[in-house]
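Asks: These protein sequence lines are chains A and B, in that order. Numbering-wise (my numbering), the first sequence opens with residue 1 and increments by one. Numbering-wise (my numbering), the second sequence opens with residue 1 and increments by one.
Calculated directly from the structure, the hints in this document are not laboratory data. Take the hints with a grain of salt, since some may be wrong.
Okay, derived cross-link-like pairs now, DSS-like style, lysine-lysine, Cα gap no bigger than 30 Å in a straight line [claimed, not checked]: (1) K206(A) x K122(B); (2) K158(A) x K124(A); (3) K434(B) x K122(B); (4) K206(A) x K157(A); (5) K124(A) x K157(A); (6) K157(A) x K434(B).
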Amino acid sequence: MEILSQIASELECGAHEAVRALTQSALEQELEAGVILERGLLAGMQVVGDRFRNHEVFLPEVLLAARAMNAGLELLEPHLGKAVALSRGTVVIGTVQGDLHDIGKNLVGIMLSGAGFEVIDLGKDVSPETFVDTAHETGASVIGMSALLTTTMPGMKKVIALLKERGLDSSVRTVVGGAPVTEEFAREIGADSYGFDAAHAVECVKELVG
Amino acid sequence: MRPRLQLLSTDLLERIVDEALDLLATLGVKVQNDNAVALLADHGATVDRESGRVTLPGSLVTEAISKAPSGFALYDCLGEQTHDLSGDRVHFTPGSSGITVLDAGTSEMRTPVTGDLVRFTKLTSRMEHIEAQSTAFICSDVPEAIQDSYRLFLCLLYCEKPVVTGAFTIESYALMRDLQLAVRGSAAALREKPLTIFSACPTAPLKWSDVTAQNLLDCAADSVPIEFVSMPLSGFMGPVTIVGSLVQHTAETLSGVVLSQLANPGCPVLYGGSPAAFDIRYETTPMGAVETQMIDCAYSEIGKHLGIPTQAYIGLSDAKALDAQAGLETSMGATLAALTGINSISGPGMLDFESCVSPEKLVVDNEICGMTQRMIRGIEPRDDFPAQPLFEEMLRDGHVLIADHTRKHLRSEHYFPGPVIERANLSRWQAEGKTTLGERAHREVLRHLEEYEPSRVSDDVKRDLVELMTEEARRHGLDRLPDRESQEVPAR
Numbered sequence: 001m002e003i004l005s006q007i008a009s010e011l012e013c014g015a016h017e018a019v020r021a022l023t024q025s026a027l028e029q030e031l032e033a034g035v036i037l038e039r040g041l042l043a044g045m046q047v048v049g050d051r052f053r054n055h056e057v058f059l060p061e062v063l064l065a066a067r068a069m070n071a072g073l074e075l076l077e078p079h080l081g082k083a084v085a086l087s088r089g090t091v092v093i094g095t096v097q098g099d100l101h102d103i104g105k106n107l108v109g110i111m112l113s114g115a116g117f118e119v120i121d122l123g124k125d126v127s128p129e130t131f132v133d134t135a136h137e138t139g140a141s142v143i144g145m146s147a148l149l150t151t152t153m154p155g156m157k158k159v160i161a162l163l164k165e166r167g168l169d170s171s172v173r174t175v176v177g178g179a180p181v182t183e184e185f186a187r188e189i190g191a192d193s194y195g196f197d198a199a200h201a202v203e204c205v206k207e208l209v210g
Numbered sequence: 001m002r003p004r005l006q007l008l009s010t011d012l013l014e015r016i017v018d019e020a021l022d023l024l025a026t027l028g029v030k031v032q033n034d035n036a037v038a039l040l041a042d043h044g045a046t047v048d049r050e051s052g053r054v055t056l057p058g059s060l061v062t063e064a065i066s067k068a069p070s071g072f073a074l075y076d077c078l079g080e081q082t083h084d085l086s087g088d089r090v091h092f093t094p095g096s097s098g099i100t101v102l103d104a105g106t107s108e109m110r111t112p113v114t115g116d117l118v119r120f121t122k123l124t125s126r127m128e129h130i131e132a133q134s135t136a137f138i139c140s141d142v143p144e145a146i147q148d149s150y151r152l153f154l155c156l157l158y159c160e161k162p163v164v165t166g167a168f169t170i171e172s173y174a175l176m177r178d179l180q181l182a183v184r185g186s187a188a189a190l191r192e193k194p195l196t197i198f199s200a201c202p203t204a205p206l207k208w209s210d211v212t213a214q215n216l217l218d219c220a221a222d223s224v225p226i227e228f229v230s231m232p233l234s235g236f237m238g239p240v241t242i243v244g245s246l247v248q249h250t251a252e253t254l255s256g257v258v259l260s261q262l263a264n265p266g267c268p269v270l271y272g273g274s275p276a277a278f279d280i281r282y283e284t285t286p287m288g289a290v291e292t293q294m295i296d297c298a299y300s301e302i303g304k305h306l307g308i309p310t311q312a313y314i315g316l317s318d319a320k321a322l323d324a325q326a327g328l329e330t331s332m333g334a335t336l337a338a339l340t341g342i343n344s345i346s347g348p349g350m351l352d353f354e355s356c357v358s359p360e361k362l363v364v365d366n367e368i369c370g371m372t373q374r375m376i377r378g379i380e381p382r383d384d385f386p387a388q389p390l391f392e393e394m395l396r397d398g399h400v401l402i403a404d405h406t407r408k409h410l411r412s413e414h415y416f417p418g419p420v421i422e423r424a425n426l427s428r429w430q431a432e433g434k435t436t437l438g439e440r441a442h443r444e445v446l447r448h449l450e451e452y453e454p455s456r457v458s459d460d461v462k463r464d465l466v467e468l469m470t471e472e473a474r475r476h477g478l479d480r481l482p483d484r485e486s487q488e489v490p491a492r
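Chain B on its own, in the form it takes in the complex (with noise of 0.2 Å):
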């Protein structure tokens, strides 16, 4: 049996829906793209041209949501599947776009340039448990209007996974789409086989700014796969009920639902979101806060209620250091949204709240994930009805290390973390060094890089992807991208 998590009854998911609903085709949302705008006038929503704000009646997001597909496949550079985002399927994938990163050499953050998500990438596409990449940092030292598209480029060059990814800018998108393009090699191709995730995140409360609707709509024209990540902020941006935030957000996800249907119907999209419990104390969004994971794995439930599959920033942490902080909120988070069937969950690698993105946590947190997806293989009998025959086996050599069942069973039925997580006895570690986590983890990266294998990508593709980013960079004045392979950090 699949283990699950339920934290809504149906009464009440079902109340927050109307809920959500009613305030759509009452209060509606602000949308500031006259493209949107127009694109729900079309179709029954009214629009009041004076706040901006369109009410959409309930029976067209019913429609769009009976439109939205309930899974869909994504496939790596080469073209293979590698994932099954429907049913309770689970697949873990970074945290993305750290503002910092946590240098293991000073253990301070700092800011990220070219090499950083490099490693990153390279480390990425070593992770066992974590299906996809992310567009993890913000490089600082390219023009600001490529840092969005110069991630994915990088990303594309060095890992073969697919890409949860973004663009900050309406004109950006078109060069993600031709990176995409020169990896598939044709519109239809990328079509039937997407290799990208855009995050497409409304503004709280209840309003899409004209970047992100234009994106959402651009995407959905392609079949991009669009996750909506609705934020609102407990007591702050959003009510400060895990309830009231959860009507806030289905309202803020289904109008994105309705837009992307109507642009594509049919066109892949992830109920997702990365609320958050404001702490009205320090002024923050902590993602560790067991009530922002409540109102994660809640959301999940009336995504899938709703029949569209999920996504959500869990499973990462506040804490400023790879520290015992950075490991219980990860490792709660990473474990309630398996157990909730969160389809696609973003979170592995990052700290201080969504700011930073940490290498050696990345190490950490692939352990993490492969518990939490052995849990979530449940329990099941393999061979061991009827007992007795194991057992006289037992009673006769006196153990069953060598038994034909423990060989069949063994490395499936355990998982065996490690070297991060330490199980050597107290003497065998001290004869090992008395390492501490961050010093194996730190160790693990460096070993990570060392092994690193170059994406399989052919050289064509990658010399167009290069010549593809040269070109945009030239155009907002970098004549040649920073060297790649560079170990340089930036001065403090």
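In isolation and in its complexed conformation, chain A is listed as follows (with noise of 0.2 Å):
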């Protein structure tokens, strides 16, 4: 169906207007909200997310596929049964305790948002109660916590503590990351997971929420 490789290539160009009018003539056409999905976004998504590991492509094409991939997304949810949840889940991220370092966070929250999670950033010198609180409350399935400075790292092991405490780790999974963060540190501490950089966090996220 070449409606569908229509789509896709317009998503992996991140024209969102050309996406959006090409998802709605598909539902004209009376193809399914599922197989539009499925062969027209995703496929193309597929390629730009290909294209982004090799080198080919850098983070605004992503972020530009993903915001044409919402524009169609927008249209199919009306006819999409129940059983395929839109949203991928929430993540609560922020900079921890003492740390006002946040451009690293930031542009994980951008990823993440793009990539079609409930991002709810609490910003930066977030302290454990407010990270665990916060994702209690929301239902957050991810807690993603950034650190530049060695001395605000062990913040991110109270947190852990705090979700343990409070009985909540096996439903709230942990991601680290930050320049001082290694695998090493993440392991010592407990995190479920450590992203080296903003697009593998988000690859982290996905991996976590399965």
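Put the two chains together into one complex, using the hints given.
Replies: Here it is in structure tokens:
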């Protein structure tokens, strides 16, 4: 079906208006919403993802593609069965207590939103209680923590300890990142995942929510 | 604004030229070729038969300068224009005539053979920021008498880019011309669309050998572009000072300009060179020396002042391995040369003075050339004024990652080098295998060779090239040309 490959290729170029119009026509041609999603939108997104991993395209192209996908998804939403959850889940993110650096964390937030997650950005200098309370209240499935300073890194461990203390560690998973943070440190403090950059952090979150 | 480097004041520059003119008019140049001597004598030069020195009156030199074109174009094997050698336009060319190749497998420098030049030529065809190819190696598996033409033959067979080359003997020019004619179709077509640049190297101090002078005259007659490669060695075969070396370089180069413009007024030439600040401690000719690079940039200023496009052997390194010295000397030279506006910059891929060529270094240098090309595009406003709308958008969206302004200018405003230049963060670099620059460069060499696409020159032309070369080889006792696809390396 040509229209599906058109949707995919327009999505690859980040042409959100074209994707919206084509998705509308596809629906008018009575194509199934699930098919449009799979073979149009997601197929295009897959190509962009592969190109990004191969360094052929950069962050902006991925974000543009994500915006185009969301434009199509909005139209499909009413036609998709309840079994298809549109939001991939909620992620609470923030820079840990005592740390005022948030460039990396912001980038993770932008990338997660682009990938279809609901993002609650608590900003910087976030206490362990705020992280855990917010995750609990919003039903978030992942907490993402960032730090730039070695002195504030222990704040990550406190959040993980608090989750355990409240018995939430199986329902709320954790991902950590930031310049001084290493995979080894993440393992030591019992974090579920470690993202070495913003794009990788999104991969980690996707894996955690399975 | 195009950024520009200037090393000479106008006063000093003019004084250097005056002194060079004075040298040519009083001491003259020694010319060991009868045709050249006769040509000069016919046009007012004075020949001292005993010493072989020819003195050139100032008027002869200034007239020749005025006849030399202020620029010319080069065309690839398919006839498409690739070079505009004029103004401050900059084009990179691999270093040439390496007598060794740095073998990535053994990390040793060894004697190159046919397969090495074939692979290097294929690699050059894929280097985005290196617009010409050069006859990079002297292949040791063919007889000496055809080593120069054989390089050009391989280059024309495997890569479409124009070729910087040169002849080692008077006799071999004929075949090197025929190889070009096979590609272009006719002498007129070759004249109209030059395919190669031939080096013509005066001997320091102030001398033209029989071979070089004859090559120069032959190229000029065919309108094949010539680059004069004067090589004063400061403190040895040239005054120890930079100014003194410049006077010598100017005199030697201008004598070449005279010969070429007498042979064929208006024939294309490059005001080039390969001087060096002689390192008396090691008796070597460092190309990475800052003084060498200063001489290069300064003589280019002189060439441009005289209205002649320029060339230099700069942007190469004296290091013996692909190490930090290789990177710093190459990028310093490439940067200074580009800022000076040297039109043809010969150097990428070279190590060990001008002795060794490294495929891996060519890949590294390609990225250096990319950065350099970006730099000379300078700083220009690109939809930046008025600034307020973009800043409003940034404040509203929290970022400009997908702003129209970003999308429009990201890839033109920023050059993204890689994968040789490493910019991932520590963790990602570790996750991707903790590679060294040498490893990444080697991987790139293999990838490029894997993805190489044959030259689009017609099969008929390729057959003609092979026939011409095979005949010449037979004349010199070689019944069959070496296997060009062989991966074998000579025994150590």
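Asks: Each hint: holds or not?
Replies: Hint-by-hint comparison with the structure:
no. : hint              : verdict
1   : K206(A) x K122(B) : 42 Å, violated
2   : K158(A) x K124(A) : 16 Å, holds
3   : K434(B) x K122(B) : 28 Å, holds
4   : K206(A) x K157(A) : 22 Å, holds
5   : K124(A) x K157(A) : 16 Å, holds
6   : K157(A) x K434(B) : 28 Å, holds
When each numbered hint is compared with the structure, a violation occurs for hint 1 only.
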